[in-house]
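Fit chain B to the supplied structure of chain A, relying on the hints for placement.
One letter stands for each residue in the lines below.
Protein chains: 2
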Amino acid sequence: MNKIAFIGAGQLALMTLPHAHRLGLLTVTVDTKTAPAHQLSHEQVIGDIQSIEVFHELLKIEGLTHVTLDIEHVSLDGLRLLESAGLKVSPSSRTLEVIQDKLKQRHRLQELGIPGPAFRAASVQEIDPEEAAVVKLPTGGYDGRGVWPLKKGPLPAHFCGSLLVEEEISIDKELAILIARNEAGQLAFYDPVEMLFDERLNLMATLFAPARIEDDLALQMKSYAQTIIEGLDYTGILAVEFFLTTEGALLVNEVAPRPHNSGHHTQVAADTDQFEQHLRAVMNWPLGESSLKSYAYTFNLLGESTGRCELANHQQWLGEPALFYQWYGKQESRPGRKLGHVTLTRPLNLDSKTALEQLISQKGRLDSCLKIQIQ
Amino acid sequence: MNKIAFIGAGQLALMTLPHAHRLGLLTVTVDTKTAPAHQLSHEQVIGDIQSIEVFHELLKIEGLTHVTLDIEHVSLDGLRLLESAGLKVSPSSRTLEVIQDKLKQRHRLQELGIPGPAFRAASVQEIDPEEAAVVKLPTGGYDGRGVWPLKKGPLPAHFCGSLLVEEEISIDKELAILIARNEAGQLAFYDPVEMLFDERLNLMATLFAPARIEDDLALQMKSYAQTIIEGLDYTGILAVEFFLTTEGALLVNEVAPRPHNSGHHTQVAADTDQFEQHLRAVMNWPLGESSLKSYAYTFNLLGESTGRCELANHQQWLGEPALFYQWYGKQESRPGRKLGHVTLTRPLNLDSKTALEQLISQKGRLDSCLKIQIQ
Chain A
1 MNKIAFIGAG QLALMTLPHA HRLGLLTVTV DTKTAPAHQL SHEQVIGDIQ SIEVFHELLK
61 IEGLTHVTLD IEHVSLDGLR LLESAGLKVS PSSRTLEVIQ DKLKQRHRLQ ELGIPGPAFR
121 AASVQEIDPE EAAVVKLPTG GYDGRGVWPL KKGPLPAHFC GSLLVEEEIS IDKELAILIA
181 RNEAGQLAFY DPVEMLFDER LNLMATLFAP ARIEDDLALQ MKSYAQTIIE GLDYTGILAV
241 EFFLTTEGAL LVNEVAPRPH NSGHHTQVAA DTDQFEQHLR AVMNWPLGES SLKSYAYTFN
301 LLGESTGRCE LANHQQWLGE PALFYQWYGK QESRPGRKLG HVTLTRPLNL DSKTALEQLI
361 SQKGRLDSCL KIQIQ
Chain B
1 MNKIAFIGAG QLALMTLPHA HRLGLLTVTV DTKTAPAHQL SHEQVIGDIQ SIEVFHELLK
61 IEGLTHVTLD IEHVSLDGLR LLESAGLKVS PSSRTLEVIQ DKLKQRHRLQ ELGIPGPAFR
121 AASVQEIDPE EAAVVKLPTG GYDGRGVWPL KKGPLPAHFC GSLLVEEEIS IDKELAILIA
181 RNEAGQLAFY DPVEMLFDER LNLMATLFAP ARIEDDLALQ MKSYAQTIIE GLDYTGILAV
241 EFFLTTEGAL LVNEVAPRPH NSGHHTQVAA DTDQFEQHLR AVMNWPLGES SLKSYAYTFN
301 LLGESTGRCE LANHQQWLGE PALFYQWYGK QESRPGRKLG HVTLTRPLNL DSKTALEQLI
361 SQKGRLDSCL KIQIQ
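Chains as they are written, first to last, in my numbering: chain A, 1 to 375; chain B, 1 to 375.
Hints should not be assumed to be uniformly reliable.
One copy or two, either will do: identical chains are not told apart, so a pair holds if it fits within one copy or between any two.
[Said to hold, decoys possible] In silico lysine to aspartate or glutamate, EDC-like type, Cα no more than 16 Å apart, as pairs:
(1) Lys-3 <-> Glu-310
(2) Lys-3 <-> Asp-215
(3) Lys-293 <-> Asp-271
(4) Lys-363 <-> Glu-241
(5) Lys-353 <-> Asp-233
(6) Lys-33 <-> Glu-254
(7) Lys-152 <-> Glu-304
(8) Lys-222 <-> Glu-241
(9) Lys-136 <-> Glu-254
The set of hints was computed from the structure by calculation and includes no laboratory data.
Just chain A, with the same shape it has in the complex:
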């Protein structure tokens, strides 16, 4: 029987593991002790996925055949160790090396002819604080911590070494597309999605699918996504994030080498969700049907304070029509931590304006009861 290990046992592995069981795989999760997905795997390896030791431990697991990732910040030497032992690692260390480093990623995308913001590598000393630019840490940034628009003020102290400097983009829409590819080269595309601005949270927080864009723009996104996934010789599911500028240019922001926030709606709005699709791609199995079956509107449930957390108001949520939610099983809340998500749907026979109005109105009505209790 095939046995697959997930490096990282966070919510993405958590949502993938039930599919692995259903499809007949044995499973291993690798992460620190409290990671939530350990609860759903057959075997657990406890340790720090950025250190090499845990990969040596993983090699001792009997019958392991495949390895994949729940997060891109893992030890490349660790992945190379697994590959040299004959394990099938998806995405491969060679592909991940390019994606992990945002500067290498930009160069590679440029080589592939993919449009992006003008960029350069620079040290702190080479950056003019008055530049209309966004400065990024090439590695290690996560959830916004490694991104600094200069208009916000002087660079924080943790920005040092060789930095990625990108021209500031005037953004009309943030778009994303998911694409999957298996080793045989089969591709599966999901429909483009758009991110909506949440006025209450003052951030790009809610996903709407399908994106309200012209067909030729959607085709262009798919074409870029295909060029990227083939150019990187990537196997698994890949999220490609785009900016549509106010001048109408389509630029690639970055790629994420795993299931992604921009695909959570596929749990309920597609026959094959992004998690099952990722597994199929990683196992080199035929990919599944990915077309969108409904309008979807997805937002995260974010921690507001620190403490042990639990979900409240199951009653009210489950009584809502067309509401699907996923709790991530994390024991601790922290401000801004992703604790779960909610997807609202509407039938595709509505026009998109009506559907979106209904979805926004439903969310508005729900905001008061979408509460997480902190102890």
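Relative to chain A, chain B alone:
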């Protein structure tokens, strides 16, 4: 946070646990060591669910609030112990006591005015071997072992004590319906299904949904199901199995107090599957949308010999259109053991004759590759 225990950690618990995680419950499984659903729960209690000891162990689990069943053959004294400790047990020991014993169940259904085969209690000595009757063990029968049609020959030796004797029925169709009820009294109905005769296996093996019956018969089934679930003061999901006789009479065969083989298709052919619905009912949460979204055709993957088993041919299965399969993660195969199931679907805009012809033809094509490897 609510914590729910599953007495029995077989495939039904296995298919329910991912929903429990997603909806934000903590979980406990109770069963012998190799039971497959232990892999997906937060905590495990190892032991024999027909003995009282394991229930004493379960009472030591901190924070446990709810208890439900994966199988009806559990210790009633054990359930009473949990109830007297203040746990919410669904279905309750009082309800299960009636269902566990087929003779008590028949009497109760009769009191509720539900039509069934003529029946009586009898000892072996009181049974005429020439009778046109089916003899059943009132308790402990499972997967056909406790049912003996007298036309097959003399009663096996394990038929002793007080037996249930039912008139032999001339069956036109075997039908079933799933119904759920929560403590608040809310009901959810699934569409009636029919069992099809499999000529290769020579048994009623394949489910087709929705059943090809007249609307008034479907309404009658729903009405009986409602009378039963309310009459038994039952909470959770209940499967009601019917015979439609060659004379056109609708008789209740028996009820199953848990998710059931006749509802596996809801994993892919309904918004809320029977497993999530059962959880919602047991937690006294609002019930979910249960209408059928496609034609469904479901059959079990049965063990053919004894040995360690694994799934083969993922490639071929996953390449099939409209095929969904569920592997149960059992380590050992035995002849006739349920190791998984497959559901094929077709859109409801086809007429049922065409849909069924296509489904039978697809299954015929698949039979050669639906193989399980035995080591």
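Outcome of the hint check:
In the homo-oligomer, the alpha carbons of Lys-3 and Glu-310 lie at most 16 Å apart only across protomers (12 Å), although the nearest pairing inside one protomer, at 32 Å, exceeds that limit. Neither within a single protomer nor between protomers do Lys-3 and Asp-215 lie at most 16 Å apart by alpha-carbon distance, with minima of 41 Å and 48 Å respectively. Proximity of Lys-293 and Asp-271 under a CA criterion of 16 Å is satisfied in both settings, with 8 Å inside one chain copy and 12 Å between copies. Taking identical chains as interchangeable, the C-alpha atoms of Lys-363 and Glu-241 are never at most 16 Å apart, the minima being 24 Å within one chain and 41 Å between chains.
Proximity of Lys-353 to Asp-233 under the C-alpha cut-off of 16 Å is found in neither arrangement, the shortest distances being 38 Å within a copy and 46 Å between copies. Taking identical chains as interchangeable, the C-alpha atoms of Lys-33 and Glu-254 are never at most 16 Å apart, the minima being 30 Å within one chain and 46 Å between chains. For the homomeric pair Lys-152 and Glu-304, neither the shortest alpha-carbon distance inside one copy (23 Å) nor that between copies (68 Å) is at most 16 Å. For the identical chains of this complex, Lys-222 and Glu-241 are intra-copy neighbours only, at 12 Å inside a copy versus 49 Å across copies, given an alpha-carbon limit of 16 Å.
Within a single copy, Lys-136 and Glu-254 get their C-alpha atoms as close as 12 Å, which meets the 16 Å cut-off; across copies the closest is 66 Å, which misses it.
Checked against the numbered hints above, the structure breaks hints 2, 4, 5, 6, 7 and satisfies the rest.
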